[in-house]
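Engineer: The lines below spell out each chain.
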Amino acid sequence: MNRLPSWIRQHLAALRAVAVLTVILGVAYPLVTTGVAQAVFNGNANGNPALIGQSFTDADGDPVAKYFQSRPSAGGYDMLATAAGNLGPEDVLDTLPVPGAVDDEGHPDTGKQSLLTQVCARSAAIGHLEGVSGARPYCTPDGVGAVLKLFPALGTPTRAVSVNQACPAQPFVATYQGVTVECGKPGEDYSAGRTVPIRGDVTAVVPPDAVTASASSLDPHISVAYAELQAPAWPGSAACPSTG
Amino acid sequence: MGWLFILSLIVALALVYRVLGDHMHRVYTGTKHNAVERVVYRLLGVQPGNEQRWGAYARSLLAFSIVSIFFVYALQRLQDRLWLSLGFAPVPDHIAWNTAISFVTNTNWQAYSGENTMGHLTQMAALAVQNFVSAAVGMAVAIALVRGFARRNSDTIGNFWVDLVRGTLRILLPIAFVGALVLVAGGVVQNFAGPHEITTLTGNVQNVTGGPVASQEAIKELGTNGGGFYNTNSAHPYENPTAWTNWFEIFLILLIPVALTRTFGRMVGQVRQGYAILAVMGVIAVASIVLTNVFELAGNATVPQAVGAAMEGKDVRFGVANSATFAAATTLTSTGAVNSFHDSYTPFGGMMTLFDMMLGEVAPGGVGAGLYGMLILAVITVFVAGLMVGRTPEYLGKKIGSREIKLASLYFLVTPVLVLVGTAVAMGNAAGLAAMLNSGPHGFSEILYAFTSASNNNGSAFGGVTVNTPWYDVALGMCMVLGRFLPIIFVLALAGSLARQTPVPESAGTLPTHRPQFVGLVVGVTIVLVALTFLPALALGPIAEGLL
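Order-wise, the sequence lines are chains D and V. Take the first sequence: its position 166, counted from the start at 1, is 171 in the numbering used here, and no numbers get skipped. Take the second sequence: its position 152, counted from the start at 1, is 569 in the numbering used here, and no numbers get skipped.
Some hints could be false.
Claimed, not checked - Quick look at which bits of chain D chain V covers, simulated, 3 or more residues with Cβ under 8 angstroms:
(1) 87 to 94
(2) 116 to 126
(3) 169 to 175
(4) 211 to 217
Stated by the list, open to error - Taking beta-carbon pairs under 7 angstroms as the criterion, some of the chain D residues facing chain V (in silico):
(5) A19
(6) F46
(7) L223
Rather than coming from a laboratory, the hints here were simulated on the basis of the structure. Quick reminder that beta carbons are idealized off the backbone N, C-alpha and C, glycines included.
Can you build the whole structure from these sequences, using the hints too?
Structural biologist: Next comes the structure, spelled out in structure tokens:
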């Protein structure tokens, strides 16, 4: 073996090292760990279902009132497709669906909701479900992001558009700095304007975790505030449900 | 609670610092080989007593890494013909290539979704094995550099195979085994179940799946690897089920990089030199963790203001604060595991994760990689300080001459070149631009983050970016390979050149490198170098997003 050139010897040693270490670290280690884990913590090792969130909706996707509703999930509580939403903190501009338009496969154009509009829409829906106000800062009363595009981008505006509110919706403010606010026309390119989200003067009742997608897409928890918001809607809320 | 979480981590690390640091010192300086190791050396056909010059050490390391890349690639491509494939098809060639490089380079960038791509055997025998050995390779390089400082008139810097085997079997394997069982106690799964369906309380069907997760999760954190068994990584309840497993996973991430500073001090015969390096790491790390928490808790951006908290992409059991602390820990090291999604962070919170990686992941950095990165910065610092007073700089008794400073500078230049050129090329062509999920400055941040993460071997992502395309798999694969092995070659060359020297005796003109003054200098040099290099790029991304 010592007669081989040194670079070949190096690679032979490397090949053997990968093989030997794979047996130790890739086979023996996980098998022994599994054996001990199964013997000592059998329930946990096989997966405690209480750790995995699920959706409490009926066949149509509507909330079933006797259960606490889980958080929004970007992966639909599917453990084979876990995912986060990944939209950024300034993702506030929707792409409005163009009525009548279809994509390459013939499906109707659904546009694209910004993260802000997703938050506003969830808040409005939960407010409606629980019989409280679904209003939040930076949201319109009809549950989309309250965002204006101002033209020209610099200087005194001469034109203002509430870009996330598709016509014929009534803009959430009538005027901005003396300029009449228009509703958004689907398909029109507003990218040249200056983006100005409008905070408004409301305090949110629906808690933060209820309107945001989780990281795991399987979040088993909700906040105490969200539980308390939902509790009155649950018949017999004085006791815990005995679910099997 | 967020403060208690951070403080208790610091206390826990302080408690194990000496024990683990001294243990690693014995591992890498001991002369005895135990029975198992002797068998392993015989199977490898290597003589453990043979010391290697830096060139031979580097060639062994590269040979091992190249063979590893082919092996991991082959297991992915052949998984449907082997056991435990769960019925998954072979991994597509460009993704398999990218993944092989990613795991061998300790990056663990993932252009795939674990739960619907990788069979259990691929996870165990290809990916988790690399979680161990890529970490052991990083530690070996760090130890070789420390030997360069510690030895005098020596042609050799150790034996790669001995460092690899000892680091794996005596340090990583025992801690990972205990760590895996602790995680199972917390609820992490460890079984061989595949995908199956269950019926939910409301009568719907839900897909669930299992796997040997705990054994992989423990080494994923301990080896600062970061590649999740499942797509949502350490946010997934079967990878990180509770608030205390979250604490434990951060502890595992920081454990070895922190304790290695003690090993360094012991090996150069001056424990206080290790404390100085630890102090540099500590100052930067605490500042970063606190700032990340402050920015995320303040929630200054339109969507977090509308929500009332930066909760998008975060789980309730971690909350905003303990998600932010994990994010800082994972990017200050070369881990890249995530328990929340950085893409949805506030502009400045997200910038902190980018900035942590741009620092070169030195505070405390990846296992081994953090120590050698920080020692390079210390070398650059004594050089800068030497220029100020007009003396030949020296560190730990070794002269930092022309050859040494050239190697240190080349080391430092590799990642900025890869990050900035890679980002520029991506922004200049359609295949690069197509990957953005978000638009505007945030879209630019996604691309910048991808190249920063790959070139620094971190592996986390602004997750909205679509990188499972041939263009990105190849481009980021190149960044991972060059960002890992070029610096390693420069470090080993530096080690060889330092080991040959006769130490110069300390004199009145020697800059003391264990005092607060030196700690401050290294922190300053680190921040200034990184700021000068990356500020323009940050200004186009997170800073523009945060200020406009």
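Engineer: With reference to the structure, classify each hint as holding or not holding.
Structural biologist: Here's how the hints hold up against the structure:
no., hint, verdict
1, 87 to 94, "holds (count 8)"
2, 116 to 126, "holds (count 4)"
3, 169 to 175, "violated (count 0)"
4, 211 to 217, "holds (count 5)"
5, A19, "4 angstroms, holds"
6, F46, "5 angstroms, holds"
7, L223, "6 angstroms, holds"
This entry does not satisfy hint 3, going by the numbered hints stated previously; all others are met.
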